[in-house]
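So the chains spell out like this:
2 protein chains.
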Amino acid sequence: MRENTTRSAVLPVAPSRGRLRPLGLDEVTVTGGFWARRRQTNATATLDHCHDWMERVGWTGNFRAAVEGRIQRDRRGREFADSDVYKLIEAMAWEAGSGSGFAAELDARIAALTDTIAPAQEPDGYLDTAFGRPGQQPRYSDLEWGHELYCHGHLIQAGVAQMRARGDGELAKIARRAADHVCTAFGPGGIERVCGHPEIETALVELARATGEQRYLDQAALFVERRGRHTLAEPEFGRAYYQDDMPVREAAVLRGHAVRALYLAAGAVDVAVETDDDALLAAVVRQWEAAVARRTYLTGGMGSHHRDESFGDDFVLPPDRAYSETCAAVASVMLNWRLLLATGEPRYADLAERTLFNVVATSPSEDGRTFFYANTLHRRRRGTAPAADAQSPRADSGLRAPWFAVSCCPTNVARTLALLPAYLATADDDGVQLHQYADAELATSLTGGRDVALTVRTDYPSGGSVAVRIDRSPERPWTLSLRVPAWATGAGARLVDPDGVSRAVTPGTVAVTRRFRPGDEIRLELPVAPRWIAPDPRIDAVRGTAAVQRGPLVYCAESVDLPPGHEVDSVRVNPSVQPQDGPDGTVVASGALVAASNARAAEPGRSGSPGDSADADATADADTHTPADADARWPYAALDEAAVPDAERADIVLVPYYSWANRGPSTMRVWLPTTRPPTAPPGR
Amino acid sequence: MRENTTRSAVLPVAPSRGRLRPLGLDEVTVTGGFWARRRQTNATATLDHCHDWMERVGWTGNFRAAVEGRIQRDRRGREFADSDVYKLIEAMAWEAGSGSGFAAELDARIAALTDTIAPAQEPDGYLDTAFGRPGQQPRYSDLEWGHELYCHGHLIQAGVAQMRARGDGELAKIARRAADHVCTAFGPGGIERVCGHPEIETALVELARATGEQRYLDQAALFVERRGRHTLAEPEFGRAYYQDDMPVREAAVLRGHAVRALYLAAGAVDVAVETDDDALLAAVVRQWEAAVARRTYLTGGMGSHHRDESFGDDFVLPPDRAYSETCAAVASVMLNWRLLLATGEPRYADLAERTLFNVVATSPSEDGRTFFYANTLHRRRRGTAPAADAQSPRADSGLRAPWFAVSCCPTNVARTLALLPAYLATADDDGVQLHQYADAELATSLTGGRDVALTVRTDYPSGGSVAVRIDRSPERPWTLSLRVPAWATGAGARLVDPDGVSRAVTPGTVAVTRRFRPGDEIRLELPVAPRWIAPDPRIDAVRGTAAVQRGPLVYCAESVDLPPGHEVDSVRVNPSVQPQDGPDGTVVASGALVAASNARAAEPGRSGSPGDSADADATADADTHTPADADARWPYAALDEAAVPDAERADIVLVPYYSWANRGPSTMRVWLPTTRPPTAPPGR
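In order, the protein sequences belong to chains A and B. In terms of this note's numbering, the first sequence opens at residue 1 and continues consecutively. In terms of this note's numbering, the second sequence opens at residue 1 and continues consecutively.
Here chain A stands alone, though its shape is the one from the complex (with noise of 0.2 Å):
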C-alpha cells in the first residue's frame, strides 16, 4: 500500500496508507442537487430536532443527573443513550467543518453539549451515565449488553470530529481521557474481554490517526483479536450475534447483528491497514463478498431479522420482514468507504451509492423530523401517523417517526449526511477519482504541490449525465478517473473528453491521463433508462416476480398510485414489456394486471381513497374488519382446484423507493410479482 502523505485536515477517516487518499470536507463542498438537498434540511432541520428530541426525553439530562449524584433515580433512556448524544456532536462537528453556514452556531452548541458532558467524566476518563454510580450497576459488569465500550466509541469519534473539522478544544480532551481510560482498562493486564457492541475499534484507529499515539492502535488490534474467543456469555442468539463466534480473521461472512458485524469489519480494515495487515483485510473482503451476494437486499440493506437485528442464512431475504436498519446502511457505507480507500476498487463505491440512494436516503422524510429506522421492501397495510411527541417501536415501518425508545439512526444519518461530501472523492499519485456523482467543487493538491481543482455539473441520479470541468490545473499530465457504475452493464454508457470525442465504456474505472487546462469538461453519460431486475432463483422469498432500477435507483409501486380501491398485493406486472419513464422521476410499467377485487379493498372503511392520509387512523388496522367472505378459505389447495379471479389490464406508477410514505400512508412493494414469470434458470 501507498503511503498518505499529503493529508487535509477535515478527514472523517484518516488511513496512513492505503491506495487511494481521501479528500476532506475543506476540499470537497457538495454545491447542489439530490444530496445538496437533505444536507441543507439536516444543517437546518435534523440537527435541532435530534437535539431537542435528546432534551426532552432526558439523554442530555442524563450527564447533569450524574453529576448532580440524582443518576439512579433520573435516568432516562437505554444503556446506550450517551451515544446518541456524541454523534450528534460529531455530525454537528463535520457539519460546521464542511463550510457549513452555521458554522458558529454550531461551535456554539457543540460547546454547550461538551460543558454539560464533561463534568460526568471521572478522574480516570471512565465516562458512562449508566453505570459505576452508587446504585447502578458496577462499570464493566455488563459487557455483553452494557454497551459501555460503544458508548466511549462514539465519544472518541466525536472526540476526533472536533479536532479535525474545528481544531483541538475540550471535547477532544475529554476523549483523549477516555481512551487512555479504555487502554488502561483493557489493555495489556487489564480486563482481556470485548464489548457486546463493536465500536471502540474503528474510534480508537481514528483517535491513533488524528494523535499520533500508538498505543490507542494497539488496543484497537487487541479489541479485534480478541473477538471470537469467547470471552462474552453466549446470548439467547447465540454467540454470532456479537460476532463473539470465531476470530475476525476466520469468519468467511458477515454474520449475526447487521449494525454490530459492520462496525467491526469497519474496525478490522482500519486495523489492517495502520498495520499492513493483508491477512486480516482480506478476511474482510472475504466476509464483504460473501455478504454482498447472499445477504444483501437490493436497496443494499442488510439484516433481515427482525428478532435480533441480524443477518439471516444466505438468501434469506424477505421483502415483507425486511428489518434492513438505517444504521447497518449507514456502517455498510463507512465499511465501503474503508475497503476502497485501502483498495481502490469500485465496486465499494458501488454498493456505497446503491446503499445511500436507497437506504441512507430513504430514512429521513423530506422535513427531516421523521425517521425509518427499518426499510423494509414490502408494506402490506398502511402506517399508523406516529404520535409527533411519543417515542415509537423502532421496528413499525408504515411511516417514519420522530424518534425511537432506541433511537441511533437518526443521528447516524445526521453524522453521515453532515460527512458526505468526503464519500465523492479522492486522490492518489497520478490524480483524483471521482466516486459519487453530485454538483460538486473540488480542489486539493496532488504529491508535489500540484493544485487540482474541478467543477462536478450532473441530474444525477434523476438523469445520467455528469460534466466534469478542470477549474485548476499543473502544467504536466494527470488522470482524472471516474467510477462507471456496476449498474451501468450493457446499458451504452459513454465518455467524451475534452476534444469532444466520444467512445464507450464499461462498469469499471474509466481514467482520462493528459495535460487538462482550465475549462476543458469531461463528460460521462450513464443511459439510466429503468428496466426490470430479477433476484437469484435461490432467493425464494421473491421468486416469481421483478423490480425496476432505474439509474442507481430501486423503484417501488405504492398504493397512492393505484386505480382507487386497490393495494400494491393485487398488482401482476408484465416483464416482457419495459418500463418507460414517467412524469416527475416516476416510473410506467404497462401491459400489467391488477386484480378486479381483492381482501383489502373490499374492507369496510377501505374501498374509499385509499391515497388519502387524511383516513389514516380509519385504516390503520386490519384487523377491526371483518374479511370479505370470499376469503375465508383455506389457502392451499391441489393444483387443480386453484380460483381464477378476474383481473383487469393497467399501467402502473412505480416511484423512487426513497421517496415511499412520503405521501401518507400507503401499501408499499419492490418486488412485484409477474404476470408470467421471469426466465429462470431452471436447477438452481
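Check the hints yourself; a few may be wrong.
[As the list claims (entries may be wrong)] Interface residues of chain A toward chain B, partial, derived using beta-carbon atoms under 7 Å:
| # | residue |
| --- | --- |
| 1 | 188 |
| 2 | 190 |
| 3 | 192 |
| 4 | 298 |
| 5 | 307 |
| 6 | 320 |
| 7 | 535 |
| 8 | 544 |
Quick caveat, the hints were computed from the structure, so don't treat them as lab data. Yeah, the Cβ is synthetic: ideal placement off N, Cα and C, and Gly gets one too.
Once you've looked at the hints, dock chain B against the given chain A.
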C-alpha cells in the same frame, strides 16, 4: 345449545352445554398406532425427562427456596418457571387417569410435587415464586410481563386435572385457594386489569365447571371483557401483542403473540358457552376463520414472527422464518376442540388433525427426550446437535433440543399427548361422533342409559382405511357419525355400511343411523394418495413452489435423501408429474431437477457425506467456509442476464414432515420450487 347432562368424570374440557358432549379418558382408549406409540413414549420417557430437567435447572427447587426464605438469592429460571411444574403435574394426572399402567407411580410423583409446592402458597392463596417475597418485586407490580395470573392459571388447570382424573386431593385444594385469591384480588373492587399472558380465563372456567362455583366463571368473564381496554402498558411490539389493542368482541382476526391469542380465544369460547353468549362465540369464530384463511401454515402452525412470536400480517407466512411455536399448535388444538364441542362443525376437527400430525407430533423426537420449540418449514443449513446437558435457545430449529431457557413446549406436548384420547370422539343425544382416527376402544352411555361400545381399527395416517366395529349397542337405532376430512376433497372417499353397501362421501360429516348389532362394522375408505398442493398466490413467500400432502400428512424434502453433495435448495420439482408412494411411508417426486452443483455442496467439509450425522460439528456452521467463487456476485441482474446453471433429472424422496431431523442434521424444505410454475391464477 343443548345441555350436557350425562358426564364423564375424566374430562379435560367439560362444558355444561354445547352441540357435542365430550367423552372422557375413562371412555376412550387409544390402543395402538401412531398416537399410541407417542403416548407410550410420553408416559415412559417425556414425563421423567421434564421432571428431571426441572429438578436440574432448579424450577422445582424454587418452591423450596421460597419456603426456606432464600428465594431472592436462589431463584432459577424465567418469571414463568412455576407454570412448567404445574403443566407437568397436569400431564401426569391425565396420563394416570387414562387407564395408564403407570398410575400408581404417577400418583406418588404428583403427591411429592404437591408436597413441594404446597408450603409455598401464601395464607391468602397467592402462589408464585417470582414475586412478593422480601427482595422481590411486589405482587402484581408487572402485570405486563410478570405472568403471575398465567402461572395461577396453570396451577388451577393442574388442580382440575387432579380432581377429575384422580379424585379430590391436596392439589385441588391448593388450586381452589389460588382461584379464590385471584377472584378476590381481581374481582369487583379489586385490581381492574388483566395478565399480559392469557391463560387464567380458561382455567377459571374449567374450575367453575369442576366445582359448580359461579364465582370462578364470573371472574373469567370479567378477564375476557377487560382485555383490549388498555389496562396494560403498551409494549414495544404494540398492544396487539397481548391482545389488549381491542375488545375480544370487536376483533376480526387472531393477532399478536400466537400462544396468547389462542389461549385467550379458548377462554372466550369457554365463557361464551357457559354464559350462552352467542355474540362472543361468533366473534371467536370470525377470528378463527380469518386466521385460518390468511395466517396459518400448511402444517396448521400459527405465528410467523420470531421477534414477538406473533401472527404476522395477512399472508405473511415465510417458510424459512416460520416460528410456528409448538405451544401455539397445542393452543390451537385446545381452541379447535372447544369450537368443535360448541358447534359440531367438522372444520375444527380438520384443523386439529392437521395441527396434531404436523406440528404437535413434529416437536418431540422419537425417544421423547428432545423437542422442537419452533417448527420451521424450511431449514437452509444443518443444525448443530444441542448439548445434552444445556438449555438451548428456543428459536433455533435445526435440531430438537432437550430443554430450553423458556421451556413451555415440552410440558405442553406432554399434557397434550396425555389427554389426546379425549380428542377422538364425542356423543350427543343421537349417538357417537368420531373426529380423529386411531386404533381405539370407546364405551359410553347415550341419553337414557343406552350403552354403546365400539372398536376402531385403522392404519391412519399412513393408510386411509378406518374400520369401526360395534361391540355393544342398544336396541333402538342410533347414529354413528364419522368425519370425512377436508383433505379428502375430490379423492373418492367411500363409506361401507354393515351390509357391505358402499357409497361415495365428501368432506364433512357422514352419518349412519340404524339399529346396530354387536359385530357390525362400518368402514371409511379415505384415499391417501400423495398429491401436489399449491399455495394461495397472495402468500408471497412461497410463490412458484408446491408441496406434497398425503392424507393429513405434510411431506418435506430432507438433504439426507438427496444425491450426495446436494442440499434441498438445489431441488426443483415438476408438479405435472403425480407424486407416488415410495417405501416406508415415503413419497417419490419424479422428474425433478437437481442443480449439478451448488454453493453449499461446493463448500469445504460439505461435499462428503451429507447424510452422515457424525459430521455435524464439521458442517454445522457454514460461516466458517469460503463460498465458491462462482457465487460471489451481486444476486440481482437484468432479466436478460440471468445465468442458467446445469441441472440433472432426479427422483426426489420426500418424508413426512413430522419425522424430519430424526436422522441427524439436515437441510429441509416443505415448499419446493417448481421446474415450471403451477398454473397460477393471474391478477391476484
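Restraint check, 7 Å cut-off on beta carbons, for residue 192/A near chain B: With a minimum Cβ separation of about 24 Å from chain B (threshold 7 Å), the hint on residue 192/A is violated.
Interface hint check: residue 535/A, Cβ to nearest Cβ on chain B, cutoff 7 Å. Holds or violated? holds (6 Å)
When the nearest CB of chain B is found for residue 307/A, is that gap smaller than 7 Å? holds (4 Å)
Is the interface hint satisfied for residue 188/A? The criterion is a beta-carbon contact with chain B at less than 7 Å. violated (29 Å)
Quick check on residue 320/A please, does its C-beta sit within 7 Å of some C-beta on chain B? holds (6 Å)
Is the interface hint for residue 544/A satisfied, with its Cβ closer than 7 Å to some Cβ of chain B? Status holds, d = 4 Å.
So, residue 190/A near chain B? Judge it on the closest CB pair being under 7 Å. Nearest chain B Cβ about 30 Å off; hint violated.
Chain B contact restraint for residue 298/A - C-beta distance below 7 Å: holds (5 Å)
Of the numbered hints given earlier, the model fails hints 1, 2 and 3; all others are met.
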